Each structure stands twice: as structure tokens, then as C-alpha cells.
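Trainee: Protein sequence lines, in the order shown, are assigned to chains A and B.
Counting with the numbering used here, you get residues 1 to 228 for the letters of the first sequence.
Counting with the numbering used here, you get residues 1 to 352 for the letters of the second sequence.
Derived by calculation from the structure, the hints in this document are not laboratory data.
Everything numeric in this text was worked out from a predicted model, so none of it was measured.
Where hints are given, some of them may not hold.
Unchecked claim - Dumping the calculated DMTMM-like pairs for lysine to aspartate or glutamate here, alpha-carbon to alpha-carbon at most 20 Å: (1) A/222 with A/207; (2) B/12 with A/104; (3) B/95 with B/153; (4) B/140 with B/93; (5) B/12 with A/142; (6) A/179 with A/202; (7) B/138 with B/64; (8) B/6 with A/85; (9) B/80 with B/135; (10) B/95 with B/120; (11) B/9 with A/142; (12) B/10 with A/142; (13) B/9 with A/202; (14) A/138 with B/11; (15) A/138 with A/110; (16) B/95 with B/51; (17) A/222 with A/202; (18) B/138 with B/120; (19) B/10 with A/210; (20) A/115 with A/142; (21) B/6 with A/202; (22) A/186 with A/217; (23) B/80 with B/153; (24) A/133 with A/174; (25) A/179 with A/110; (26) B/149 with B/93; (27) A/222 with A/7; (28) A/77 with B/120; (29) B/115 with B/11; (30) A/76 with B/130; (31) B/6 with A/128; (32) B/149 with B/135; (33) A/120 with A/142; (34) A/113 with A/142; (35) B/98 with B/51.
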Amino acid sequence: MSAFSVENVNQIFGSGTARVHVLHDINFEAESGTLSLIMGPSGSGKTTFLTIVGGLLTPTSGTVTVNGIDYNQRSKKQRDALRLDAIGFVLQAYHLLPYLTVADQFTLVDKVKPKNNLSKEELNAVLEKLGIKNLLHKYPSELSSGQQQRVAIARALYPDPAIILADEPTAALDGPRVKVVGSLLKSLAIDHHKAVVVVTHDSRLIEFTDHLYEMRDGVLTKQPITKE
Amino acid sequence: MFLALKEIKKEKFRSSLIIAMIVLISYLIFILTSLALGLARENTDAINSWDVAKITLSSNANVDMRQSFLTKKQAGTLTKNEAYLGETPVVAEAKGHKQQSAFFVGLKNSQFIAKNIKLESGHRVRHSHEVVVDDSLKLKGYQLGDKFKLNDDQTKFTIVGFTKRAKLNVTPVLYGQLGTWRSLRGIKMGPVTSVVASENRQYQPHQSGTKTYTRQQIINKLPGYQAQILTFVLMIGFLMIISMIIIAVFLYILTMQKLPNYAVLRAQGIPSRVLVSATISQSILLVASGLIIGTLLTAVTGLVIPAQVPMAFDVPLLAAVGLGILIMALIGSLIPVKTVLSVDPVSVIGGE
Numbered sequence: 001m002s003a004f005s006v007e008n009v010n011q012i013f014g015s016g017t018a019r020v021h022v023l024h025d026i027n028f029e030a031e032s033g034t035l036s037l038i039m040g041p042s043g044s045g046k047t048t049f050l051t052i053v054g055g056l057l058t059p060t061s062g063t064v065t066v067n068g069i070d071y072n073q074r075s076k077k078q079r080d081a082l083r084l085d086a087i088g089f090v091l092q093a094y095h096l097l098p099y100l101t102v103a104d105q106f107t108l109v110d111k112v113k114p115k116n117n118l119s120k121e122e123l124n125a126v127l128e129k130l131g132i133k134n135l136l137h138k139y140p141s142e143l144s145s146g147q148q149q150r151v152a153i154a155r156a157l158y159p160d161p162a163i164i165l166a167d168e169p170t171a172a173l174d175g176p177r178v179k180v181v182g183s184l185l186k187s188l189a190i191d192h193h194k195a196v197v198v199v200t201h202d203s204r205l206i207e208f209t210d211h212l213y214e215m216r217d218g219v220l221t222k223q224p225i226t227k228e
Numbered sequence: 001m002f003l004a005l006k007e008i009k010k011e012k013f014r015s016s017l018i019i020a021m022i023v024l025i026s027y028l029i030f031i032l033t034s035l036a037l038g039l040a041r042e043n044t045d046a047i048n049s050w051d052v053a054k055i056t057l058s059s060n061a062n063v064d065m066r067q068s069f070l071t072k073k074q075a076g077t078l079t080k081n082e083a084y085l086g087e088t089p090v091v092a093e094a095k096g097h098k099q100q101s102a103f104f105v106g107l108k109n110s111q112f113i114a115k116n117i118k119l120e121s122g123h124r125v126r127h128s129h130e131v132v133v134d135d136s137l138k139l140k141g142y143q144l145g146d147k148f149k150l151n152d153d154q155t156k157f158t159i160v161g162f163t164k165r166a167k168l169n170v171t172p173v174l175y176g177q178l179g180t181w182r183s184l185r186g187i188k189m190g191p192v193t194s195v196v197a198s199e200n201r202q203y204q205p206h207q208s209g210t211k212t213y214t215r216q217q218i219i220n221k222l223p224g225y226q227a228q229i230l231t232f233v234l235m236i237g238f239l240m241i242i243s244m245i246i247i248a249v250f251l252y253i254l255t256m257q258k259l260p261n262y263a264v265l266r267a268q269g270i271p272s273r274v275l276v277s278a279t280i281s282q283s284i285l286l287v288a289s290g291l292i293i294g295t296l297l298t299a300v301t302g303l304v305i306p307a308q309v310p311m312a313f314d315v316p317l318l319a320a321v322g323l324g325i326l327i328m329a330l331i332g333s334l335i336p337v338k339t340v341l342s343v344d345p346v347s348v349i350g351g352e
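Start from the sequences and build out the full structure, keeping to the hints where you can.
Mentor: In C-alpha cells, the structure reads:
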């Protein structure tokens, strides 16, 4: 089942001599229960693609359809609500609120979205898997970069979104932690039937993916998966 | 509120600094307001205690009761709502006391102003050499039965009563008989009073050579009164604007530091209203805390300040001023709110 689809998306920034055509006729479909990896060099348009899929940026042309409705037919408020309910962003820049403990980061989500978040047991399982269960009462300033990134991942998963968009989720993690995050994302796709899309430079994640794409100069192409 | 409380709890030192600023500003504003009110009352207490609505003066008196003289004809026919009132500046001199500037106000015992004077101690004026005086003279050592001379008059006047709220132009009032006023003024014939005061709002005589004013018009023309009030209003107004700017600057800096965090929250679908409400709640919490401490400090000041300091603590007025500071803080918080609303979540996502 398609969680979202992207059709003929083009993104152009600037005009005249400053005009940059970042994305060229992108077509993409993410199915529930699969993990898709989009790799490519810096500046290739991966993150722009992610912001368009997440409804943060309106493409110059083309359509993005989530839950059967085109983003263009949704108001800004509806897009916010959709992101809160259906899309979990795991960002490279995790920027946890410095004055909230790890536990409070989840309480904030509860305040805004009181229903349909992970149950206490499910959250504990995620925290356990990410190795941060004992950090609930710590402030971000008391955590290492890797711990903060794992908290950010847990926070993104807490609203139990149907779609997970991850931007370099393993950038601050060492080898063993990459495996933990990779298997967690894979498990979310398989066991919880979510559509997971990861843009990354990190080839260590390839072993977890179902679909591999390459973004180069704004052109997205599907690649064969060669797991070592 | 959740985010605001959490931030204040975590950033105790930073929050304390802001609260300390608000405490100092609100304390200063409360003290200045009380001082302004105290001084205003010392200018007008006597006039207000007469409970008059209209006052008729000589038309050439420049709205100054001391410069007004009305003949019987000019005073016209008085009803029970009107009263004669003769006012003159005097210097009281008593043994063992420094010279004391005062206003002598001559009244007719049978008329409403004399009847309305509320005595704190002693009795009403019965004879021409008796006076009822403002109780501030007690603080200067005067007691019931004390005698003093007024100006060059050799008559000795006896204090037979004390009354509260009897100050005019920050000077104590000595209430006596109208005949005494004529004698102090050296009037043998002609004028019978300085003014005619009426408690009737519709009072409007049309005698030649007279002009009738409202009580407020008379108060506004008291020497130095308007300048004093305007100076205080200006100071209080500026302090309120300063408090608004301080709140705006502090919150703006705090908000700017949080923008990347807010951008991530926006990317995750946290509505702007949550972040805006956090900013406004934070402003209200900080200012309300500062106001509460400022109020407590003001209350303590009110308890320990010497009675000679002309301060009047009026709870409704101070509450209104406190509300004004809170509103100013809310206005100040609108500047960072504008920044919060313009947070672009894309700014924190990658760099491609």
C-alpha cells in the first residue's frame, strides 16, 4: 500500500542567473512496510526532496500525495497536523529543547497530541532498543551527541507516525549504534508497517534497506541493492 | 505554559535576572505612584473633604481662592447646599514650636462644610479664637489646648480639635470661624467670603463679577499641582515603556537562541500557537513573579516609611498600575512572537 507518492516534482530556486534547478522530474513511491534509502553526494538534492515530501516546501511543479490527498489541497495548518500525526522527522540537526529532560520531550508531544502516541510499554521498548532508557531524567546538555541523536529518533517515533523521514539519522553514531538504529528503522517498517525513507551518506545502512535510490544532480534513480 | 514553566525552572539564574529587573522597575513604579498620589492628596485633601461640586470666585481672582473676595450681593442667596468659605494663608507661631505655614479657612458653623468636617479628636469650633487643625500638626508636637498666634494678630488661638484630610497645597489647614477670616484679612466691610461653595452640581449663579468653576478646575489651578502630576505621570509612563523594552529585549534574545529548536518542533508539526503561547506565558510568568515581589517590597516600605513622607498606597490604583506593567510586558513579548511565527523549519533540515 502506497503511503505517499511523488509525481513529476521539480524544484527550482532563484531566478535569472541565480536560477538553480535542484530536482528534475522526480517520481517516487513509498510503500508501507518498506525502508527506502536515498543516497547521493552533498548538494545532489536529497534534503530538498525530503523537505518537499514532508510538506515543508512546496515544489515548483508536480504533486506529493499523502494518504491519498495532494499537499496542494491542504492548508498550512492541515500540513502541520499531518506532520504531527502521520510523519515522523528524524533530523540530522536534532536540536532537542535544552530545558526539557528526555522524558519532558515526550510529554511535550503528549500536550500537543494527547492521543494515538506510543504506549508507555512501546516507548520503553524503543528507548531500551536505542539504549537511552536510563537517560529519561537527563537534560540534553548532559548527553553526548550520539545520545541526543537517539533521543531525537525516539521523539520522532513517539507520535507513532505512518511515515518516517530520516535525514542522516546515523551521522553522530558509531558502528554498533548504526546497526541499532538501522535495525530499529527496519523493524518499524516490517513489524509496524510504516513507510521509512532515509536520506544518507552512510552506506552502513544499505544492509537494512528494501529499496535503494541514488540522487545525483537532482535526478533520482533506483539502484540495485548489493548487500555485503 | 508547560514549556514556559520548564524553561524558567531550568534557567533559574537567567529567569532570576529578568525577574529582578521587573521587581526593581515595578517597585520604583509603585513607589512613584504612591508618592504621586500622596502628594496629589496633600494638595487636594481639604477641597475633596468639603465634598463640593461647584465653587464661585471673583472673576478677577485667576481661579485662586486666596485671591477671591465676594460681597454679600455677589455671593447671592444661599440655599442649604451652599456655604461661605474664606481662605487666607497664615503663619502660626507658638511657644516651643517653629513657625508653621498654614491656610486658615473660615466657615459658618450652620453651613454644610463646617457640619461635614469629621473630627478625629476634640470638639467643633464654637468661638472666634478656636481652631480645628489638620492632624499632621500632631506630628509636629501640637496637642489639644495648645495656643498660637496667627500672623501679626495678637489674638491667641486654641486648638480645640484635630481632623484628618485637611491639607491644601501640601500645607495644613486651620478651620475657624468666618468672622476670624475677615479679621485676619483686615476686612471691616464689603467682602463676606472668599468663595461660595456648593454641593449642587447644577449650581450656576449669574452675579456680576463672579465666575463659577467645578472642583476639578479649582484643583487643576492649584499652584504647582499640574506640573507635579504631569512630572509623575511622565516618569511612570517612561518606566512602563522601559519595562516593556526590557521584557522585549530579554525575550527576543531568549527566543533567538531557541529558534533552531523551534524550527525542529515546527518541522515535526508542533503548531506555532504552542510556541507563541510558550513565549507569552513565559513573559506573563516572569512579569507576574516580578510584580508579586515588587508588591511585597512596596507593602513593607509602606509599613516602615515615616509618616512625614507623603505617600498614599491605594490598592485599586496600584493594581491598575500592575496590570499596566503586565500589559506592557505582553506588548513587549509580541516582538519575539513575530520571530517565532516566522520560524522556517526548512532552515534546520540538512544543507542541500
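Trainee: Taking the hints in turn, state whether each one holds.
Mentor: Checked hints:
A distance of roughly 16 Å separates the Cα atoms of residue 222 of chain A and residue 207 of chain A; the hinted pair therefore holds under the 20 Å criterion. Our distance criterion of 20 Å between C-alpha atoms is met by residue 12 of chain B and residue 104 of chain A, whose separation comes to about 17 Å. Restraint check: the Cα-Cα separation between residue 95 of chain B and residue 153 of chain B comes to about 15 Å, which is no more than 20 Å; the hinted pair holds. The straight-line distance between the Cα atoms of residue 140 of chain B and residue 93 of chain B is roughly 13 Å, inside the 20 Å bound, and the hint therefore holds.
Between the alpha carbons of residue 12 of chain B and residue 142 of chain A the distance comes to roughly 17 Å, so the proposed pair stays at or under 20 Å and holds. Taking the CA atoms of residue 179 of chain A and residue 202 of chain A, the gap is about 11 Å. The hint holds against a cut of 20 Å. The suggested pairing of residue 138 of chain B with residue 64 of chain B is violated, with an alpha-carbon distance near 28 Å, which exceeds 20 Å. Of the pairs offered as hints, the one joining residue 6 of chain B and residue 85 of chain A is violated, with about 24 Å between alpha carbons and a cut-off of 20 Å exceeded.
The hinted pair formed by residue 80 of chain B and residue 135 of chain B fails the criterion: a straight-line CA distance of about 28 Å is larger than 20 Å. Distance restraint check for residue 95 of chain B and residue 120 of chain B: the Cα-Cα separation of roughly 24 Å exceeds the 20 Å cut-off, and the hinted pair is therefore not satisfied. Distance check on the hinted pair: residue 9 of chain B and residue 142 of chain A sit about 16 Å apart at the alpha-carbon level, within 20 Å; holds. In summary, the hint linking residue 10 of chain B to residue 142 of chain A is supported, as the alpha carbons are separated by about 13 Å, within the 20 Å threshold.
For the proposed pair residue 9 of chain B and residue 202 of chain A, the alpha carbon gap of about 39 Å is over 20 Å, so the pair is violated. At most 20 Å may separate the alpha-carbon atoms for a hinted pair to count; residue 138 of chain A and residue 11 of chain B meet this at roughly 15 Å. For the proposed pair residue 138 of chain A and residue 110 of chain A, the alpha carbon gap of about 19 Å is at most 20 Å, so the pair holds. The straight-line distance between the Cα atoms of residue 95 of chain B and residue 51 of chain B is roughly 35 Å, outside the 20 Å bound, and the hint therefore fails.
Restraint check for residue 222 of chain A and residue 202 of chain A: satisfied, since their Cα atoms lie roughly 17 Å apart, inside the 20 Å limit. For the suggested pair residue 138 of chain B and residue 120 of chain B, the alpha carbons sit about 11 Å apart, so the restraint of at most 20 Å is met. With a CA separation close to 43 Å, the supplied pair residue 10 of chain B and residue 210 of chain A exceeds the 20 Å bound. Between residue 115 of chain A and residue 142 of chain A the alpha-carbon distance is near 30 Å, which puts this suggested pair outside the 20 Å criterion.
Distance restraint check for residue 6 of chain B and residue 202 of chain A: the Cα-Cα separation of roughly 36 Å exceeds the 20 Å cut-off, and the hinted pair is therefore not satisfied. Proximity of residue 186 of chain A to residue 217 of chain A is assessed by CA-CA distance (about 28 Å); at most 20 Å being required, the pair is judged violated. Restraint check for residue 80 of chain B and residue 153 of chain B: not satisfied, since their Cα atoms lie roughly 33 Å apart, outside the 20 Å limit. With a C-alpha separation of about 19 Å, the suggested pairing of residue 133 of chain A with residue 174 of chain A holds against the 20 Å cut-off.
A hinted pair counts as satisfied when its Cα atoms are at most 20 Å apart, and residue 179 of chain A with residue 110 of chain A does not qualify at roughly 29 Å. With a C-alpha separation of about 5 Å, the suggested pairing of residue 149 of chain B with residue 93 of chain B holds against the 20 Å cut-off. This hinted pair checks out: residue 222 of chain A and residue 7 of chain A have alpha carbons roughly 15 Å apart, not beyond 20 Å. With a C-alpha separation of about 68 Å, the suggested pairing of residue 77 of chain A with residue 120 of chain B is violated against the 20 Å cut-off.
Only pairs whose Cα atoms come within 20 Å are accepted, and residue 115 of chain B paired with residue 11 of chain B is rejected, the gap being roughly 62 Å. A C-alpha spacing of about 82 Å is found between residue 76 of chain A and residue 130 of chain B, which places the hinted pair above 20 Å, so the restraint is violated. Only pairs whose Cα atoms come within 20 Å are accepted, and residue 6 of chain B paired with residue 128 of chain A is rejected, the gap being roughly 25 Å. Distance check on the hinted pair: residue 149 of chain B and residue 135 of chain B sit about 18 Å apart at the alpha-carbon level, within 20 Å; holds.
Annotation: proposed proximity of residue 120 of chain A to residue 142 of chain A is violated, straight-line Cα distance about 24 Å (limit 20 Å). Of the supplied pair hints, the one linking residue 113 of chain A and residue 142 of chain A is violated, its CA atoms being roughly 27 Å apart against a limit of 20 Å. Using a Cα cut-off of 20 Å, the hinted pair residue 98 of chain B and residue 51 of chain B is violated, with the two alpha carbons roughly 32 Å apart.
Going through the hint list in order, the structure does not satisfy hints 7, 8, 9, 10, 13, 16, 19, 20, 21, 22, 23, 25, 28, 29, 30, 31, 33, 34 and 35.
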